[in-house]
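K.L.:
Sequence:
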Amino acid sequence: MLRKSPTANMLKKSKEEMEEKLKLSEKAGRVLMNQTRSAIYAVEQAAGRMGSALMNNNYVATGARGFSDVLDKASRSASELGIRKREK
99 MLRKSPTANM LKKSKEEMEE KLKLSEKAGR VLMNQTRSAI YAVEQAAGRM GSALMNNNYV
159 ATGARGFSDV LDKASRSASE LGIRKREK
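Counting in my numbering, the sequence shown runs from 99 upward without gaps.
Hints are supplied without guarantee of correctness; some may be wrong.
As the list claims (entries may be wrong) - Calculated pairs, DSS-like style, for lysine-lysine (alpha carbon to alpha carbon, straight line, at most 25 Å):
# : residue 1 : residue 2
1 : 125       : 110
2 : 121       : 110
3 : 111       : 125
4 : 183       : 171
5 : 121       : 111
6 : 125       : 113
7 : 102       : 113
What the hints contain is simulated information worked out from the structure, not anything from laboratory work.
Build the full structure now, drawing on both the sequences and the hints.
P.N.:
Structural data, given as structure tokens:
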């Protein structure tokens, strides 16, 4: 019959403690992952609703059209400046 030494008992106890900590950390990790997934889903839903509300807002549509016109004019001006510089 083998007799257990104090070192073997200490190692066994340490092993059991580590296994218990790992179980707890895995459980906490799963809970955290599920909470993160829920938060991401909620943010995605809110962003989708906000996008729909913005797209259906007449003020936003008018502003976007105006902004698009400004960008178009700016790009044309930049293009013309580039052509003029090449010609010189």
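K.L.:
Each hint should be assessed against the structure and marked as holding or not.
P.N.:
Hint by hint, here is what the structure shows:
no.: 1; hint: 125 x 110; in the structure: 23 Å, holds
no.: 2; hint: 121 x 110; in the structure: 17 Å, holds
no.: 3; hint: 111 x 125; in the structure: 21 Å, holds
no.: 4; hint: 183 x 171; in the structure: 18 Å, holds
no.: 5; hint: 121 x 111; in the structure: 15 Å, holds
no.: 6; hint: 125 x 113; in the structure: 18 Å, holds
no.: 7; hint: 102 x 113; in the structure: 15 Å, holds
No hint from the list above goes unmet by this structure.
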